[in-house]
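Peer 1: Please arrange chains B, C, D and E on chain A, whose structure you already have, making use of the hints.
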Amino acid sequence: MIPAETYLLLSAAIFCIGLFGILTRRNALIFLMSVELMLNAANINLVAFSLQHGNLTGQVFSLFTMALAAAEVAIGIGIVLVLYRNFTDVDVTKATTMRW
Amino acid sequence: MQSAPLPETLANLLGLDPNSTAVMIVLSLVGAGLIGTLMMTNTALAGPWAKRKITAAFTDRIAVDRIGPYGLFIIVADAVRLLSKELIVPEGADRPAWDLAPLIIASTALLGFAVIPMGNGIHLADPEVGLAYVFAVASTTSIGLVMAGYASNNKYSFLGGLRAVAQNLAYEIPLILTGASVVIFAGSLQMSEIVAAQQQSLIGPLPSWYAFVNPFAFVLFMIANLAEVGRNPFDIPEAPTEIVAGYQTEYSSVYFVLIYLGEFIHIFLGGAIIATIFLGGPAGPVLPGIVWFLIKIWGVFLFTQWARSAVPRVRIDQLIEIGWKGMLVLSLANLLLTAVIVGVTV
Amino acid sequence: MVALPDWMALAPALSLALASLVLLLADSVDPDTTNTGLLAGISVLGSLLSFGFAGWFITAGTGMADSTGVALFNNQLVVDQMALFFMAIVGSVTTLVVLASYDYVAEHSYQAEFFVLVLLSATGMSLLSAANSLATAFVALELVSLPSYALVAFLKENKGSVEAGLKYFLIGAVSSAVLAYGISLVYAATGVLRFDGVATAISSGTVQTIVDGSVQAQAGDPAVPMAILGVGILMIIGGVAFKTASVPFHFWAPEAYEGAPAPISAFLSSASKAAGFVLAFRAFAVAFPIGDLLAAGGAINWVMAFQILAIATMFIGNFAAATQETVKRMLAYSSVGHAGYVLIGLAAVSGSGEGLSLSMSAGMSHLLVYGFMNTGAFLFIALAEYWGVGRRFEDYNGLGREAPVACAAMTVFLFSLAGLPIGGGFFSKFYLFQATLNVSAWSLAAALIINSALSLFYYSRVVKAMWIEEPTGSRTIESYPMGLYTAVVGAALVTVLLLPGFNRVSEIAFQAAQLL
Amino acid sequence: MSNPWIAIGALAVVALAIPLTMMAVSSLLRPSVPEQGKRTTYESGEVPTGSSRQIKFNIQYYMVALLFVVFDIETVFIFPWTVIYSDAAAEFGMTTALLPMVVFIAILAIGLGWAWRNGAVQWVRSPRATKGADTYE
Amino acid sequence: MWVAALLLVTLLGTGLVFLSPDRYAGKLAAAVSAVPALGSIYMYWVYLTQYGGTGNALLSPADIAFGQQIPWITLGELEVSYYVGLDGISMPLLALTTVLTTLAIVSAWTPIDERQSQFYGLMLFMEVSLIGVFSALDFFLWFVFWEGVLIPMYLLIGVWGGPRRKYAAIKFFVYTNVASLIMFAGLFALVFSTDLTSLSLPAMAEAFRTASGLPTIAGVNLMTISFILMFFGFAVKVPVFPLHTWLPDAHVEAPTPVSVMLAGVLLKMGTYALLRFNFTMLADTARQLAVPLAIIGVVSVIYGAMLALAQRDLKRIVAYSSISSMGYVILGLVAFTPYGMGGATFQMIAHGLISGLMFMAVGVIYNTTHTRMVGDMSGLADRMPWTVGIFVAAAFGYMGLPLMAGFAGEYFIFQGSFNAPTLGGAAPVLTSLAMFGIVIVAGYLLWAMQRTLFGGFNLETDYEVSPAAFHDVAPLAVLLLLVIALGVAPDLSFAMIQDSISPVLEIGGGA
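Chains as they are written, first to last, in our numbering: chain A, 1 to 100; chain B, 1001 to 1346; chain C, 2001 to 2516; chain D, 3001 to 3137; chain E, 4001 to 4511.
FYI, nobody ran anything at the bench for these hints, they're computed from the structure.
Remember, predicted model here, so these are calculated numbers, not experimental data.
Just so it is clear, CB atoms sit at the ideal spot from N, CA and C, and this is done for glycine as well.
Worth double-checking, as some hints may not be accurate.
To be verified - Listed below are the simulated DSSO-like cross-link pairs for lysine-lysine, each with C-alpha atoms no more than 27 angstroms apart in a straight line:
#: 1; chain 1: B; residue 1: Lys1325; chain 2: D; residue 2: Lys3056
#: 2; chain 1: C; residue 1: Lys2159; chain 2: A; residue 2: Lys94
#: 3; chain 1: B; residue 1: Lys1085; chain 2: B; residue 2: Lys1053
#: 4; chain 1: B; residue 1: Lys1085; chain 2: D; residue 2: Lys3038
#: 5; chain 1: D; residue 1: Lys3056; chain 2: A; residue 2: Lys94
#: 6; chain 1: D; residue 1: Lys3056; chain 2: C; residue 2: Lys2159
#: 7; chain 1: C; residue 1: Lys2156; chain 2: A; residue 2: Lys94
#: 8; chain 1: D; residue 1: Lys3056; chain 2: C; residue 2: Lys2156
#: 9; chain 1: B; residue 1: Lys1051; chain 2: B; residue 2: Lys1085
Said to hold, decoys possible - Restraint-style ranges between C-beta atoms, simulated for each label pair:
#: 10; chain 1: B; residue 1: Ile1067; chain 2: A; residue 2: Pro3; range: 35 to 41 angstroms
#: 11; chain 1: E; residue 1: Pro4467; chain 2: C; residue 2: Tyr2480; range: 42 to 48 angstroms
#: 12; chain 1: C; residue 1: Leu2497; chain 2: E; residue 2: Gly4455; range: 57 to 63 angstroms
Excised from the complex, chain A in its bound form (with noise of 0.2 angstroms):
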């Protein structure tokens, strides 16, 4: 069986990845795709460990938080769609009405 560490370190770079996508990228599509892979390294970890404990908690959960990361999708696309409607553009820095 692959080592435990060697899950934990590909779940760990995609987070990772992720993580660097949304720091780094405005345009809002592409923070929703980064945000997605983050999910995606934890269900790396959930099914990994499912197999390594020999429990299907991991597995199920998994399952759980790709059908949220569906919806949270679903409603992100919506608010990106409403988001070029007022502003004609997707980048996520032109929406400066408030100061932070």
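Peer 2: Okay, now just chains B, C, D and E, sitting in the frame of chain A:
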């Protein structure tokens, strides 16, 4: 009927150790090559030749007959012709996506056959989640379609891609839900289990194929499958008379071949799924399993060709409304109905 | 004691869910309906039912097999006093919000959707109160979050609303990803997601598994990797910090609260925050008991982490609030500050037992009182928006002359938020203060006092504007919307009554925390 | 039983190899005669106007996609249930096994009904589309 | 029960007045506030006749008059209850509050002409809180009322005040709230280090007195630190130098009836709290710190008087002289002698009555002349003889004319502090210095009266300056009568005050 997967059979045949990973990798490649060849042969037969002949027969024409017996060598001619054509990349194409799309369309369809039991031990792999896998792989094709449509930078292509996605989305869920209703009977997602479960006798000599046990689901699945593979009455993504050829308008040469072949492999994949989960897989009297399997998938192919010639194309609004308001509701009803039937009988 | 089936213990959540489904059905029957009364009526009924059930269960103990609560779905959900306490908060806040929304959405389209989303989010909050596993908690948390993203961006023609929705969503999505990753790490380390299982794994130091609903040691007794667990806990803290609008994930709060429709700001800043805290309370008290964690060589001392977060949140929230120009934004930042106060509930934990229950019940009590006063304050903003009063402090000048009742209610909210003994806010803050002194956390106590003093300064700016300043320009208030007025006055009444009645709240909270 | 995914991976290799081989063969065979006119996109012989990336398409595509995401994910939860259903029904009785799924599907159905009535799956809806104006579906 | 009845009646009256139309609000409020006033006078009489000789509410809880205790809240281990009761110290203050409120409300009929129902409602709300402050025997209850006074006061100054009312209101609010917090912190440092489980004032007094082994911070005992923090917190309310700067602003800007309440009752909250908390609960510490505290008191006396001397605004003069008068109270308190402490308490009552009287008189004059500047008017005696007569009498009371309450109060204080054991050798010096304050007061009051009231009338107005209305003058007369009554027969309250003070002196080790 249930037999070991193909690589293992090969290992036993050759006297190699089936527990060695290296051996299995090599033998798997061999088995995969076998299955790939088999399916490509089928497709080559169907695409340039059978399709023409069948359509011609429906419309009372002759079609190809010049080269070889029944014009069979047109396959070779077409292959050479298409492969040696110039590849024209449209202006403003999104290059990586444009190149990847044909690859995806062709290979994902082929990949689905990994878990299909074809009889006589020709069954490459038998994972526990076989049915889920095959649905997953089959629906990946639409990514290729939308990539092709978007990357071409052609308005027809773009619309074709959009339509393809909308159509696949609308019929994917009824397809899967109907497939799930079969799982309720079989109690497993493993393809070999599903096939095995269909071997008992239903009434007399009639086997308990799920097409007989649950004809309602079978009909629904057939319709949804038509939409999935984009054949009439659900061929609006291509709709040559409206948007020329949809997502493949700008493709030429080998890329066109790949898309074209991919579609046919996809039709066969749909046939294979139907055969496996509704028609008892490779089961059948007298003839060997592989033959029965081929008969069944060609039967489904014939059905699509018949529909293509006989049924008019639906409009996009009809397509969506049939999918979401008709098929989805019916398939949900079918799922619950199946569950009740199974629940009462157990 | 009436014996009800076990699943009825979830009645507070179920009635909210049912109401949302009924609303969907109603909207399906007549999609173009503008019958706000019917829609709001269904919502109010559902949320009132939810509140009623929660209150009934708390007082009568109906359906409670014993004092530890009802475990459902293989212990994935536990309806105990704590869950019911928060369900009551959610129910009451939701009632106020939907009542107030009656007037607010009357002129908008997609009214049914508005109410459905509010109720679905409330359902999530209610479920979150009962979640006894990281899995159910995550699912419930998302059920809270997803509708609220849409609600914040509800005014889709309004740039501010859309921008707020976007920012809320972006930060929310990231933090839920962080939370999910944290959960996956905890699972990787302990082999379970259920809170009691995680606790067992930590205390025994070996990976656990769940067989037939009971926690057992994993075959071969592999050890829990504490470093992975520590990182997981840290990430869960991050997820909680987002939901509760605490530092460092608080950036969304002022934007979202300012841009969102005011009833939604009220909803998010009160109920949603309470939901985040119930997760934190339960997870950290049950799943990661600090004593065992440190004894097992845990890599992270979350009490310390929460102390830092609490102090930072209090100061950042209150100081930012003091510099604001608009009332809504001031309230938004002040609600960040209040998150800091409630964090004391986790920061002033000493070991387990009495110290834990004291600090947690202090946090819970503050949340309940805060639920009314803060909701009321935001609903007053909704009223002001309804009248077309501007956003800035100056725009509120002289409002007390035209709407004395509402302004009196607002005065009650603001002074109670500041901690003056005019409402329950005084006692709940004092309770927190007591909790800090109980563990001799002088820095927390000092931060609490300094920030309370500071908050009085900026809250009184509004009071000053409403009552003391002369009205500038001409402003006529044409109507006095019934729903909004009922909600605002009701919230004010409860806030005041919580001063003499605080004992009941703190008792229930204390019991609930003790039962954890 | 050996790991079935080795075989599936092998087929993936083959499934990629076949098209790639064809591409390679083709690239050896085919001529290349670049010419500006060839590369313009095909619009039934008209000179193409604008870019296809800028066209605004019907919002309905988006609505359908959203609906799909939701329903497709729900099938994830239906599949495990279908697998265990017959065993569960035999062991615990039909009601116990079926009721949760009935509730689940009922909620889905309410959602679908709502989407249906609110026109999410109604194709021609925007006034521009019904007027036959310059829009692409 | 009596106290609860007072609170409830007044609270109900508050609601009633808030909702009443503006035209009737004033009369209604006067009627409502007459109820607690009469009630407290009755209670006073009952106390005089039945409870004579009872002890201190904090030190001998068994002797509490009109006591009532109901459990209220349990916070962890802390028990909070609704606990009220009166003794010889709080009884006169309670009567002072209710009577003065009624009179202030009547005196507001003329000057207050907008948002009347809100004004009178707030006045009554303030009365509720004040009754509570003087009768509560549980810390939390007391604190609720203590803070409850702030809000109506803040609004009363802010809404109905003079031109700089916003500034004055905010300043008042900030000063007193910061002070409350500081006091709160100081008190709770002690509460939590003595493991108190009940926050009733008697229990606190007991616990603080017997507390031992308290931690020290930077070498200073926690008891001392808490004392200083609490003194600071209460001293702002009193106010003493140098924490007094909010007072002149508040007084000048507040409408007259509010000034009456502010000077007459609110300032007494500070000294009352000092007496209850610092000088009863922490008596030992108070004795140790007696000299610096006395110096603060004396400086307040002199400084207030000097500032008063420099003012030209009548209201400002009275305001600054209040600082001076409250300085005497501090001096009396630190003396820890029967006359010192008793006199200080008596002075609270006396000053409450006299300063109320003064402010009211100034208010009546202002209502008529629309100016308060000493230089702007003269010869008012011709035009409004009654008002001026009372004003002169009040001023003489302020200066300490014998047979007036002011004289009694100051005399007691000086007698008590002249050889106060706590002050040691400094006692005569400090007392003499404080006495000098009286001279200054006499100086500026005489000067002001001479300029304002006598001589030829020269105020130029476009209307006839006429005698004030009956309902303007009547409260003045009532107050003057009370001042004289207390001056002639100080034992009306001094006896009960001394009864309640003596236990404090005992535990403080005094005579």
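Peer 1: Against this structure, judge whether each hint is valid.
Peer 2: So, going through the hints one by one against the coordinates:
1. Lys1325/B to Lys3056/D: 26 angstroms, holds
2. Lys2159/C to Lys94/A: Within the cut-off at roughly 11 angstroms; holds.
3. Lys1085/B to Lys1053/B: Judged against 27 angstroms, a Cα distance of about 24 angstroms means the pair holds.
4. Lys1085/B to Lys3038/D: Cα-Cα ~13 angstroms, so holds.
5. Lys3056/D to Lys94/A: 22 angstroms, holds
6. Lys3056/D to Lys2159/C: 22 angstroms, holds
7. Lys2156/C to Lys94/A: It holds: about 17 angstroms lies between the C-alpha atoms, which stays within 27 angstroms.
8. Lys3056/D to Lys2156/C: 19 angstroms, holds
9. Lys1051/B to Lys1085/B: 22 angstroms, holds
10. Ile1067/B to Pro3/A: 35 to 41 angstroms: 59 angstroms, violated
11. Pro4467/E to Tyr2480/C: 42 to 48 angstroms: Hint holds: Cβ distance 46 angstroms, inside 42 to 48 angstroms.
12. Leu2497/C to Gly4455/E: 57 to 63 angstroms: 60 angstroms, holds
Violation of the numbered hints given earlier is confined to hint 10; every other hint is satisfied by the structure.
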